[in-house]
Amino acid sequence: MSNSLEIVIAITEKEYRGTSFNGPSLRKMLDALTQEEVKSTDTYEDYSVWAIVLHLMYWKYQLAAWLGAPELPVYPYQQNNWAELPANPSLEAWQETVATMDKIHAAYVSALRTLPESKLEEKIEAWGCSWADGIAWMTTHDTYHIAHIRNMGLKHFDES
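The sequence shown begins at 482 in this note's numbering and counts up one residue at a time.
Hints were generated in silico from the structure; no laboratory data involved. Just so you know, even glycine gets a beta-carbon here, dropped at the ideal spot from N, CA and C. Treat the hints with care, as some may be off.
With a straight-line cut-off of 25 Å between C-alpha atoms, the simulated BS3-like cross-links for lysine-lysine are [unchecked claim]:
| id | residue 1 | residue 2 |
| --- | --- | --- |
| 1 | Lys495 | Lys584 |
| 2 | Lys520 | Lys600 |
| 3 | Lys636 | Lys509 |
| 4 | Lys600 | Lys495 |
| 5 | Lys600 | Lys584 |
| 6 | Lys520 | Lys636 |
| 7 | Lys520 | Lys509 |
| 8 | Lys495 | Lys509 |
| 9 | Lys509 | Lys600 |
Pair by pair, the computed Cβ-Cβ distance ranges are [as the list claims (entries may be wrong)]:
| id | residue 1 | residue 2 | range |
| --- | --- | --- | --- |
| 10 | Tyr556 | Ala491 | 23 to 29 Å |
| 11 | Lys636 | Leu572 | 18 to 24 Å |
| 12 | Asp512 | Ser483 | 19 to 25 Å |
| 13 | Ile488 | Glu573 | 35 to 41 Å |
| 14 | Lys600 | Glu573 | 17 to 23 Å |
| 15 | Glu603 | Asn569 | 40 to 46 Å |
| 16 | Glu552 | Asn503 | 24 to 30 Å |
| 17 | Trp547 | Tyr625 | 16 to 22 Å |
| 18 | Ser611 | His637 | 25 to 31 Å |
Construct the entire structure; sequences and hints are all you get.
Here's what the structure looks like:
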């Protein structure tokens, strides 16, 4: 594996569940929220945390699928940029969403670990960019939405 991919994987893992330089990782931040907070749309942009999580999952799933990630689970939600929340947004449904997100993340990282460096300059036809650019974007996507969630007006972050 190339040194650049090792760095990308390290950043991807730290931003997802590790110790990020930027603040709490995505999983640490989500674990600190209540069920009411994750489904609330009483935010500056009317997004819920849950909707953002589905958005994050969808794009990571897409890249993992295009990379041929062998352990990628079946995607149980609408396959679009902003999927609807489950019909019954219960605690159990949220826990399933998070568990699925963890599996998708693991499959994505696994695919990166086996990616030949020569693939990085090939084109992702659906996006019109190189694999290097698509992977670089995904590396920052969790980070962007961590900041998004922290600044969307949830009382949890106003009080902390």
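- Query: Where does the structure disagree with the numbered hints, that is, which hint numbers, in rising order?
  - Reply: When the structure is compared with the hints, numbers 2, 9, 12, 14 and 18 turn out to be violated.
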